[in-house]
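Colleague: First to last, the protein sequences are chains G and F. Just remember that my numbering sits 60 ahead of the position in the first sequence, which is counted from 1. Just remember that my numbering sits 60 ahead of the position in the second sequence, which is counted from 1.
Worth flagging that the hints you see were computed from the coordinates, not collected in a lab. Treat each hint with caution, since some may be false.
In this list, chains with the same sequence are indistinguishable; a pair is considered to hold if it fits within one copy or across any two.
[What the hints assert, rightly or not] Calculated lysine-lysine pairs in the DSS-like style (CA-CA distance at most 30 Å, straight line): (1) K146 / K274; (2) K274 / K224; (3) K117 / K274; (4) K274 / K81; (5) K146 / K117; (6) K224 / K146; (7) K224 / K117; (8) K81 / K146; (9) K117 / K81.
Next come the chains, spelled out residue by residue.
2 protein chains.
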Amino acid sequence: MNIAILGTGQVAQTIGTALVKLGHQVTLGSRTEHNENGVAWAEANGGQTHNFATAAKEAELVFNCTAGMHSLSVVQQTGAENLAGKVLIDVANPLDFSQGFPPTLSVCNDQSLAEQIQQALPDTLVVKALNTVANPVMVEPSRVPCQHSLPICGNDDRAKEVVKELLQQLGWQNDQILDLGDITNARGTEMYLALWVRLYGALGTGDFNIQIQKAD
Amino acid sequence: MNIAILGTGQVAQTIGTALVKLGHQVTLGSRTEHNENGVAWAEANGGQTHNFATAAKEAELVFNCTAGMHSLSVVQQTGAENLAGKVLIDVANPLDFSQGFPPTLSVCNDQSLAEQIQQALPDTLVVKALNTVANPVMVEPSRVPCQHSLPICGNDDRAKEVVKELLQQLGWQNDQILDLGDITNARGTEMYLALWVRLYGALGTGDFNIQIQKAD
Chain G
61 MNIAILGTGQ
71 VAQTIGTALV
81 KLGHQVTLGS
91 RTEHNENGVA
101 WAEANGGQTH
111 NFATAAKEAE
121 LVFNCTAGMH
131 SLSVVQQTGA
141 ENLAGKVLID
151 VANPLDFSQG
161 FPPTLSVCND
171 QSLAEQIQQA
181 LPDTLVVKAL
191 NTVANPVMVE
201 PSRVPCQHSL
211 PICGNDDRAK
221 EVVKELLQQL
231 GWQNDQILDL
241 GDITNARGTE
251 MYLALWVRLY
261 GALGTGDFNI
271 QIQKAD
Chain F
61 MNIAILGTGQ
71 VAQTIGTALV
81 KLGHQVTLGS
91 RTEHNENGVA
101 WAEANGGQTH
111 NFATAAKEAE
121 LVFNCTAGMH
131 SLSVVQQTGA
141 ENLAGKVLID
151 VANPLDFSQG
161 FPPTLSVCND
171 QSLAEQIQQA
181 LPDTLVVKAL
191 NTVANPVMVE
201 PSRVPCQHSL
211 PICGNDDRAK
221 EVVKELLQQL
231 GWQNDQILDL
241 GDITNARGTE
251 MYLALWVRLY
261 GALGTGDFNI
271 QIQKAD
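Based on the sequences and whatever the hints tell you, model everything.
Modeller: This is the structure:
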């Protein structure tokens with residue numbers, strides 16, 4: 061599949077590298093055409109890099125791996141026309157570190173970043189996924205023991221099937237993926253980050269996930 | 061121990077009944093002295109009921125099991141002098157159901173209900189606990205399999221030790237209890253409710269908990 065990843069940071073690079081290994085054509089998108097991180101990653105991993113608009117235009121599916129505080133501006137730079145009709149997997153969290161650690165969320169409670177992106181891109185099929193785990197876990201879920209859980213959500217069932225298929229390629233088993241329903245449920249998975257960052261603090265690592273245990 | 065529980069609803073009654081069975085003297089506190097739920101519970105379970113102020117005044121330790129939207133008003137009615145020097149276990153979540161299900165939070169992100177209660181009661185030792193599970197799980201954690209987790213937080217280490225001891229009486233094992241640090245961490249455990257209510261919706265039951273799984 062021809063996949064664009066908006067962003068050139070650690071999350072973008074980790075997902076990009078995993079997707080290249082799976083045989084996908086991957087382009088990291090950046091504000092500029094020759095972003096230093098993007099060029100270095102592309103050369104080292106056999107991928108490509110371009111500006112946001114061109115990366116998205118040529119792709120069948122797009123990941124948003126930009127910092128959540130900037131994601132709406134990135135989407136605007138990318139252009140709705142380059143994202144129309146495509147599945148966009150929103151991995152970002154609207155974390156605001158301006159007051160230090162732990163961060164607050166720049167949007168929450170009666171709104172979410174994923175909904176804002178869906179509103180800005182009415183012709184794009186936004187699916188929220190992977191935002192509840194750190195990037196090593198995203199692409200290698202087996203590093204965490206047991207049937208830990210990955211909640212996803214989005215308005216379009218066929219888009220969610222496409223995402224589930226891609227997640228399975230990344231190592232997620234079907235019964236680890238929990239569909240919460242429409243995109244408003246991203247409020248839940250993004251607000252969980254307020255607990256995640258504190259678990260990260262208490263455990264001293266981000267290399268964990270939660271497993272949902274039902275009563276017998 | 062002489063324990064007061066602010067509230068006469070399901071959470072208050074469930075915790076109250078469990079504490080009576082453990083041999084504690086329990087008084088459910090209510091706005092009025094002869095609250096119908098409180099009187100019925102006390103007669104059926106060998107407990108007592110009183111108004112908030114009297115219940116708290118005579119207690120060594122106090123639970124807040126009122127609806128989170130009303131908890132600050134309840135604390136005010138109870139009177140800081142009746143809660144001074146005591147451990148207060150805050151079980152409430154500031155859930156606002158005025159727009160239906162799923163609820164929003166009436167306070168979150170850069171503040172939490174537990175912090176507001178601690179600010180209103182500077183001489184009370186507030187510990188946030190048990191707010192991340194439904195009431196059947198609170199008093200019978202073994203109904204959920206495996207080492208699922210209970211995050212707690214509060215400013216006073218000795219108060220947290222008292223709470224841990226009481227949680228162990230209720231069936232929580234020491235290594236299930238995760239101390240996140242000071243009371244500001246209640247932002248994390250309260251905001252997790254935005255995910256909890258959606259897991260409740262997707263699973264069709266509140267009879268679950270999360271287990272934190274670290275990478276090997």
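Colleague: Give a verdict on every hint.
Modeller: Going through the hints against the structure:
1. K146 / K274: So K146 and K274 fail the 30 Å test inside a copy (35 Å) and across (35 Å) alike.
2. K274 / K224: both (22 Å within a copy, 23 Å between copies)
3. K117 / K274: This pair counts as neither: shortest intra-copy Cα distance 43 Å, inter-copy 39 Å.
4. K274 / K81: between (35 Å within a copy, 25 Å between copies)
5. K146 / K117: Result: close within a single copy only, 10 Å intra versus 62 Å inter.
6. K224 / K146: This pair counts as within: shortest intra-copy Cα distance 15 Å, inter-copy 50 Å.
7. K224 / K117: Cα proximity of K224 and K117: one copy only (23 Å, versus 56 Å across).
8. K81 / K146: Answer is within: at 22 Å inside a copy they meet the 30 Å cutoff, but 58 Å across does not.
9. K117 / K81: For K117 and K81, only the intra-copy Cα distance (22 Å) is at most 30 Å; the inter-copy one is 66 Å.
The earlier numbered hints that this structure contradicts are 1, 3.
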